[in-house]
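Residue numbers (the numbering used here), protein chains in the order written: chain A, 12 to 222; chain B, 3 to 288.
These aren't lab readings, by the way, just hints derived from the structure by calculation. Note that the coordinates shown come from a computational prediction; the quantities given were computed from them, not determined experimentally. Be a bit skeptical, because a hint or two may be false.
With a Cα cut of at most 16 Å, we get these calculated EDC-like pairs of lysine to aspartate or glutamate [to be verified]:
| no. | chain 1 | residue 1 | chain 2 | residue 2 |
| --- | --- | --- | --- | --- |
| 1 | A | LYS81 | A | ASP57 |
| 2 | A | LYS28 | A | ASP67 |
| 3 | B | LYS176 | B | GLU209 |
| 4 | A | LYS81 | A | ASP26 |
| 5 | B | LYS176 | A | GLU85 |
| 6 | B | LYS176 | A | GLU129 |
| 7 | B | LYS176 | A | ASP57 |
| 8 | B | LYS176 | A | ASP67 |
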Amino acid sequence: MPDLEQLYAAVIEGDWKAAVAATNAAVAAGVPPLTIVTGHLVRAMDEVGRRFDCEDYFVPEMLLSARAMKASMEIVRPLLVATGAEPVGRVVIGTVKGDLHDIGKNLVASMLEGGGFEVIDLGADVSPQRFIEAVTERDANLVALSALLTVTMPSMKATVDAFQSAGLRAQVKIMVGGAPVTQQYADTIGADGYSESAAAAVALARRLVLA
Amino acid sequence: MTRLAEWLAGGPLISDGAWGTQLQARGLAPGESPDTWNLTHPDRVEAVARAYVEAGSQVILTNTFRANGIAMDGDLDAINRAGVAISRRAAEGRALVFASMGPTGKMLLTAEVTPAQVFAAFDAQAAALAGAGADALLVETLSDPDEARIAVHAAKRTGLPVIGSFAFDSGRRKDRTMMGATPEAVAAAMVEAGADGVGANCGVGAEFAAAICGRLRAACQLPVWIKPNAGLPVLVEGEICYDVSPNLFASHYAALCAAGAGFVGACCGSSPDFIRALVTARCASN
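For reference, chain B alone in the conformation it holds in the complex (with noise of 0.2 Å):
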């Protein structure tokens, strides 16, 4: 059993919300590095940690998003570390720490970038965040499946497990990353690449989400990360908010575990209410 299976023993697991827009709540700037506050503002960072552990998350994610020597400057080691150590402390042993791995944001197709350097960026970053102590590595907000199979490919050298999760926000039934994959070559990409699990994040709603999981679950038999957004942002007295309430957002909790979910969260436009509402809909299920 791999040890993601063992900890989706007890059935699917709660992950955590959104944490950019909870940053800006505690005072981060827009257009501000929200990796760099691992080190500058530590106690923050825990606090939206502390927050989605409080509010019942299983599996919490690291300030790591962007902390990839292509993605952003600065001292990532300390980064990475950093952001492992302020998740671990938040978490106080009541949650997992899967550690986030954003894109490169650089296109492999138009030779932005090449194959090495993207895996020497992937490379750095997972051992940082593995030394770091983290539970798994989570390589998340993927639209390429070959920068995936890179991602994938280091992060797996650590020896931890390693989710592939992509985005599906193109095309018009919304169930291909910007660069036309279908769940179906995700997962095959994921399988082919030796991740331990695959998944859907960011894109679109969780009305969508139910569908892309059933496609992610039926293609392979890896376990299934999901994180869809809170609806789409709207200006609301010249605030953005997003259109979806944690009680219309955990409507959708049984419905995404009927499909094969094991992890269930929510992405942009959340918050620990959200969380709130999952396990609310995990004891009405029960």
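Chain A extracted, bound-state conformation (with noise of 0.2 Å):
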């Protein structure tokens, strides 16, 4: 067996490259798609989001380990899908109408892909009835919004209303984050969940699927 550790650290180490080899290593050796992404990339993305927690990384080191992550998952992506295994939720994801920041966005969609979701990343300056036709199209069960701007908080209230005009708001959690979003903007608006980081987002994704 290959030794999945290896796997495992150089995610953590924000190594790409030998993620890479580790992961084609363990599928060479026939380990499940899913052992390689549940039992180490995901693992492995938890303790990136601890260590964030706990001011061990910031955004750089985050940022290197998505891309190990993203690297690894671009290989196991397609046998995964072969095997028909389902991800832990699908989440849309995207930075609200008039506002183009997407670095924080950016950065929440690698994670929540780390965690297993399968992630629809609608970009930038999205308006609300685009939120809802990918929600609808790809039957997604959960939304994250994002927004850096003061000035286009508002637009987050706009695309939780029009779920909830659209009759849709039952079917879908929405998390929202950003610079300027707070716990209590959330409550405001009626949004399910706020995440101060993008680590925090993860577990956040995870308990609003499961409740």
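Quick one: dock chain against chain with the hints and give me the complex.
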């Protein structure tokens, strides 16, 4: 058996080349793709999240780990699809209408993917209608909204309201985040959850899809 | 004596407050580019700048935060030049005009952009701002010391004084930038890059800013630019408001000066009322 602890370590250290090598070795040795993901990639990204919470890691370290995790996922994903394995949840993510900032949103998307979610990333400046279309088309059960600017926070409320008007509010959980966003704001607009960091977003997403 | 030190010889200077929300109050739609208004609605941009000068700002910025070639498209040379001209008209010699340069919004670390692209974008913006007659260049709301070094190198080519100001909003004590940099790391990077001043803007509220200011000051001898947020945004009757009043904000003025701040202003959530409150606080402390 190949040493899958090397994959775990490579993701934590943010070494994407080592992650690819370890993933290829595992696949060649017949390790089931789901084992690679849940047993090692998810576990490694959980550790990255823990280090972020402890302030051992900041955004740069997290980005490098996410890149290593994604490089491994590129190899594993087609195999996973072939086995018909279901993701933890299906999340539609985007920065809300009027806001072009995507650094935080990209980080959360990476962390969610590393957490075993299927991530449908709509990019930045996403209208409420596009969120609704994506949820409907892809049968997503979670929506993650990002805003960096105070002036675009009302677009978060507009998006939550649009799901309500479309009669889809009960089908999805909606989580929000971004520099000016607070728990109080999330509560006021009727979102299901707020996360202060990309690492905490994964734990929140897991809670929301199990609720 | 550097030009910044000369300006500060009489004591700390009061800078300005938030622009985006002030422009929205004058009709800027959510999602519309504020910088483009320098060409389409110069009168309204000038009204914001003038409101700060009349409130007592001794340094005002320009409406050019996003006008670098990575963060936005458009006739950036014209937008930057108009931004300086507008603030200059509003100042009428009563305030210095420091030109605002925001981050690119892209990450060097993930190779979304190359150092050469970042340099070219800041170099073009700095040249336009300097050519239009800015007194100094303020590269602000930075989080990545590497991007900041490149921006300062580009801005220094104009010969103007350059300040590098960072947003400290991460970590349990809110004393790190998003990229994890401490005030000490930021100060070292700015000294190494040849900046004339270092600072903290946006990020967190005034109650955290004095500690960060003190650490920046202790880590280098450069003048310190401080422009904290007016607390945290809250939703009141469908409108976004910040939860700190002008008077509460200004109550931190003395502590900021004691911590060594050279320039004191207010960032997100503030208005000309916050500048008036700072002026009152300065009178009270003299």
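Query - Numbers of unmet hints, in rising order - result: Failing hints, ascending: 2, 5, 6, 7.
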